[in-house]
Amino acid sequence: MTALLSLIAGILFGAGLLLSGMTNPANVIAFLDLTGAWRPSLAFTMASAIAVALPAYAIVRARGASLRGAAVPARDRSRIDWPLLLGSAIFGVGWGLSGICPGPGVVLLAGGTAQAVAFVTGLIGGALLEGAAHATRRA
Amino acid sequence: MSLAAIPLWRSIAGGALIGSAAAVLILFNGRVAGVSGILDEAINGRFGEQGWRVLFLSGLLLPALIAGTGPVSWPGSVGRLVVAGALVGIGTRLGSGCTSGHGVCGIANLSPRSLIATLTFVAIAMITVGLSHLLPPP
Chain V
1 MTALLSLIAG
11 ILFGAGLLLS
21 GMTNPANVIA
31 FLDLTGAWRP
41 SLAFTMASAI
51 AVALPAYAIV
61 RARGASLRGA
71 AVPARDRSRI
81 DWPLLLGSAI
91 FGVGWGLSGI
101 CPGPGVVLLA
111 GGTAQAVAFV
121 TGLIGGALLE
131 GAAHATRRA
Chain D
1 MSLAAIPLWR
11 SIAGGALIGS
21 AAAVLILFNG
31 RVAGVSGILD
41 EAINGRFGEQ
51 GWRVLFLSGL
61 LLPALIAGTG
71 PVSWPGSVGR
81 LVVAGALVGI
91 GTRLGSGCTS
101 GHGVCGIANL
111 SPRSLIATLT
121 FVAIAMITVG
131 LSHLLPPP
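Sequence lines, in order, name chains V and D.
So for the first sequence, our numbering puts the first residue at 1; every next one is plus one.
So for the second sequence, our numbering puts the first residue at 1; every next one is plus one.
Treat the hints with care, since some could be wrong.
Here chain D is said to cover these stretches of chain V; the calculated rule only asks that three of the stretch's residues, wherever they fall, bring their Cβ under 8 Å from a Cβ of chain D [stated by the list, open to error]: (1) 11-22; (2) 25-33; (3) 52-64; (4) 80-90; (5) 100-114; (6) 124-137.
Have a look at the derived ranges for each label pair, beta carbon to beta carbon [unchecked claim]: (7) D:Leu135 / V:Arg68: 45 to 53 Å; (8) D:Leu65 / V:Ala3: 13 to 21 Å; (9) D:Leu115 / V:Pro40: 15 to 23 Å; (10) D:Ser73 / V:Gly64: 44 to 52 Å; (11) D:Leu131 / V:Thr136: 27 to 35 Å; (12) D:Ala4 / V:Arg68: 39 to 47 Å; (13) D:Arg46 / V:Ala74: 19 to 27 Å; (14) D:Arg46 / V:Asp76: 16 to 24 Å; (15) V:Pro83 / D:Leu134: 24 to 32 Å.
No wet-lab data here; the hints were simulated from the structure.
All residues carry an ideal CB built from backbone N, CA and C; glycine is no exception.
Work out the full structure: start from the sequences and follow the hints.
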């Protein structure tokens, strides 16, 4: 059941990104570009996604477990630290340069273009690099 | 360059699909629909129980494999995309999340941490786009 539900969630997510147009980097940059013809579409998409997910999170928070009984580990929701801020800032530079974040990056691989492969190669390389640096810091 | 505006219903309906994906994962599996985290765990060989991370990522690809990706205008050269991708990979791992994990799931979970992360990456991305106008066109 876990497997099937995960597949369904992935399909819903991928379809939502396509329908909202957020797999096209130009549409993302149109939201991020305050100097040009600013387009609010991304904000509507995000607000709609949050509104739908909000009650689900409230239910799971109240129960402390998923509906199928899986324990949901309590997350630290309040810690604001340097890794969070610095990491988010670095992500913001990459997102601004490309108009692509990880979800659309994966979806764009379906087009089989050199550009999509380039972005996802960078994405995986960057994540592995940070992981290796993190392991070194901890050691 | 003129860009067709996205009809409001598509923004709202697309967002609702993304939100329902997040709702399914947390309600039934107790998992967060954060693509950067799921991808990072998967590439490190941690596929999760019943391989759920691989199945989620396969599902993510499926609609575009069937229907195509639609119009895509790339913002620059392959070299620029590798660099941008690497910054996204480093930043989302260091900051523990991306647009989906912090921006959708974290905010839906009323997490101040995710709200701050989201405001940070949106603001920095806006500044980056503004500054990129000063660069010669790719």
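How the hints compare with the structure:
{"no.": "1", "hint": "11-22", "verdict": "holds (count 12)"}
{"no.": "2", "hint": "25-33", "verdict": "holds (count 7)"}
{"no.": "3", "hint": "52-64", "verdict": "holds (count 9)"}
{"no.": "4", "hint": "80-90", "verdict": "holds (count 9)"}
{"no.": "5", "hint": "100-114", "verdict": "holds (count 13)"}
{"no.": "6", "hint": "124-137", "verdict": "holds (count 9)"}
{"no.": "7", "hint": "D:Leu135 / V:Arg68: 45 to 53 Å", "verdict": "holds (50 Å)"}
{"no.": "8", "hint": "D:Leu65 / V:Ala3: 13 to 21 Å", "verdict": "holds (19 Å)"}
{"no.": "9", "hint": "D:Leu115 / V:Pro40: 15 to 23 Å", "verdict": "holds (19 Å)"}
{"no.": "10", "hint": "D:Ser73 / V:Gly64: 44 to 52 Å", "verdict": "holds (45 Å)"}
{"no.": "11", "hint": "D:Leu131 / V:Thr136: 27 to 35 Å", "verdict": "holds (32 Å)"}
{"no.": "12", "hint": "D:Ala4 / V:Arg68: 39 to 47 Å", "verdict": "holds (42 Å)"}
{"no.": "13", "hint": "D:Arg46 / V:Ala74: 19 to 27 Å", "verdict": "holds (21 Å)"}
{"no.": "14", "hint": "D:Arg46 / V:Asp76: 16 to 24 Å", "verdict": "holds (20 Å)"}
{"no.": "15", "hint": "V:Pro83 / D:Leu134: 24 to 32 Å", "verdict": "holds (29 Å)"}
Consistency note: the structure conflicts with none of the earlier hints.
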